[in-house]
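Q: Under the numbering used here, the first residue of the first sequence carries the number 80, and numbering increases by one thereafter.
Keep in mind the hints are simulated off the structure, nothing from the lab. Quick reminder that beta carbons are idealized off the backbone N, C-alpha and C, glycines included. Some hints here could point you the wrong way.
[Claimed, not checked] Quick list of simulated restraints, FRET-style, between CB atoms:
{"id": "1", "residue 1": "Y445", "residue 2": "Q126", "range": "29 to 39 Å"}
{"id": "2", "residue 1": "Q308", "residue 2": "Q139", "range": "47 to 57 Å"}
{"id": "3", "residue 1": "E368", "residue 2": "Q139", "range": "31 to 41 Å"}
[As the list claims (entries may be wrong)] DSSO-like mimics (lysine-lysine), calculated; alpha carbons at most 27 Å apart, straight line:
{"id": "4", "residue 1": "K464", "residue 2": "K540"}
{"id": "5", "residue 1": "K467", "residue 2": "K540"}
{"id": "6", "residue 1": "K443", "residue 2": "K279"}
{"id": "7", "residue 1": "K299", "residue 2": "K311"}
{"id": "8", "residue 1": "K147", "residue 2": "K443"}
{"id": "9", "residue 1": "K399", "residue 2": "K467"}
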Amino acid sequence: MAQKKVFHGAKKSGEKKGNDKKSVAKKNIAVKKAPAPSVNQEEMLLQTLRGMRDILPDEQPYWERVRKALAHASQEYGFRRIDLPTVEYAHLYLRTVGEGTDIVDKELYLFNTRGGDRVALRPEMTAGLCRAYIEHGMGVLSKPIKLFSIGPVFRYDRPQEGRYREHWQANFDMFGENDPILDAQTIQLAYRVVQQLGLKNIEFQVNSIGTPESRREYEKALTRYLEAQKNKLCQNCRERLVRNPMRILDCKEDKCIQLTFHAPQSLDYLDLESRDHFKHLLEYLDELELPYTINTRLVRGLDYYTKTVFEIRSTDKDGKNYSLGGGGRYDRLIESLGGEATPAIGFALGLDRIVLEMKRTQVKPYQEARPRVFLAQLGDMAKKKSLKLFSELEKNGILIAESFGRGSLKSQLRVANRLGVEVTIIIGQKEALDDTAIVKDMVSGTQETVTHERLVDAAKKILKTNQDLRV
RNA sequence: GUGACUAUCGUUCAACGGUUAGGACUGCGGUUUGUGGUACCGCUAAUCUGGGUUCGAUUCCCAGUAGUCACCCCA
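I would like the entire structure built from these sequences, with the hints used as guidance.
A: Written as structure tokens, this is what we have:
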């Protein structure tokens with residue numbers, strides 16, 4: 080990675096921006112006192128913020144392929160696009176994602192607006208989606224209501240590769256149906272997308288966490304079980320026992336693996352309905368022959384999930400796992416926000432990670448249509464005519480490359496050659512005077528002078544001949 | 001939030017406690033006048049920021065910032 084340049088020409092004295100921040104402080108949401116900026120921000124003009132990044136033109140063909148695949152899949156499965164604000168009232172996330180989750184406690188981008196409102200950049204899309212669902216009375220629409228969305232989400236965590244403070248997600252969600260077949264269909268859709276993107280070695284991990292009540296029961300049981308043998312756990316897991324006991328089941332230490340071998344299973348703590356739901360889901364998945372494994376440790380970092388949760392993972396040859404996306408049911412969420420009780424299921428794909436994975440596995444990016452004709456001009460009069468000629472050709476369906484800013488014919492031809500065009504149209508002083516143009520076949524090197532009327536046909540003829548030769 | 005490693009032209013890789021910080025790729029221009037490849041020539045362009053040690057720092061030390069990795073967590 081390139082080191083970012085730092086602008087330091089306009090260094091001013093270390094004047095502070097004033098102390099009026101205090102007056103805005105509200106106490107309904109606890110915020111840590113913001114530390115003073117650690118750098119002279121005037122020097123940081125030319126550096127992206129930590130965890131933020133530019134997606135440059137070179138990378139766009141990968142993103143374009145992703146966008147296209149998402150558009151296709153959403154159409155095939157009947158999802159309608161919705162775009163949501165990136166900023167919402169902070170409370171929306173406290174209520175949905177949940178206080179106590181890392182996403183809210185540690186990673187939420189919190190702000191006070193000038194008007195004094197407590198707002199947050201969205202750390203995920205489901206909350207906003209549910210808000211919109213209720214706000215616009217979508218409950219009256221015929222079920223299931225299928226919505227998808229693409230956009231950036233924000234989490235203030237520590238960046239590394241495939242992990243950014245601003246990253247892009249695609250979300251697919253269905254409202255209004257309880258049937259586990261929708262869970263299966265959701266996973267099927269997720270699989271369809273990554274398949275269309277040419278990703279291999281994809282695996283789903285599925286689990287059911289039942290209701291919040293049954294999950295709490297399970298955690299209690301697990302803690303009770305492990306507490307008894309606490310000192311046999313590794314240091315790390317001893318802390319996990321308090322903070323997040325289910326994580327212990329994921330530990331790589333031998334002693335912890337052995338200890339947890341006979342530990343209680345989350346699936347045994349499901350209520351009857353959830354268990355039945357899960358059983359049906361698995362049957363559907365088997366029927367679809369989707370690559371999945373049951374991962375009883377899979378929890379996900381959001382409070383609103385009920386019953387089904389899943390993750391899409393890519394496995395590389397070293398057996399390393401990358402999570403590309405995940406989702407699950409959230410049957411209680413709409414109701415808990417004050418809407419009518421509405422079951423729902425959805426998932427998010429991490430687009431940055433998908434692009435990363437495409438590069439890693441050398442998937443072909445989307446190919447833009449390339450211009451096959453170059454327009455070169457020479458001299459003032461020709462230059463004047465060139466813009467008009469360009470638009471005439473373009474209207475006739477000929478994609479043109481040019482370098483109007485250049486003077487010499489030689490340098491223009493060099494560009495034409497670099498672009499790999501098959502035809503170059505040249506107008507010079509002479510051609511401009513008698514309304515003709517030179518049509519040069521870049522492959523054979525031959526050229527002829529034609530009138531403007533015949534220009535389009537002449538160019539197309541060469542392109543066609545080349546195409547025939549290729550076949 | 002914790003720890004570790006790293007930081008030189010747009011990209012990539014050199015170099016040194018001391019002269020104009022070097023190469024490759026890319027870009028721009030040229031090798032006579034209105035014709036592209038290759039070749040040859042030229043030009044542009046960098047030591048992340050702030051302090052310290054030193055006669056002298058890009059090099060050594062400290063801090064900041066950023067990136068990468070592991071943890072935490074997640075997409």
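Q: Next step is simple, just say for each hint if it's right about the structure.
A: Results of checking the hints against the structure:
1. Y445 - Q126: 29 to 39 Å: Between Y445 and Q126, where Cβ atoms are some 30 Å apart, the hint holds.
2. Q308 - Q139: 47 to 57 Å: holds, 54 Å
3. E368 - Q139: 31 to 41 Å: holds, 35 Å
4. K464 - K540: holds, 23 Å
5. K467 - K540: holds, 22 Å
6. K443 - K279: Within the cut-off at roughly 13 Å; holds.
7. K299 - K311: The given pair, whose Cα atoms are some 19 Å apart, holds under the 27 Å limit.
8. K147 - K443: holds, 13 Å
9. K399 - K467: violated, 56 Å
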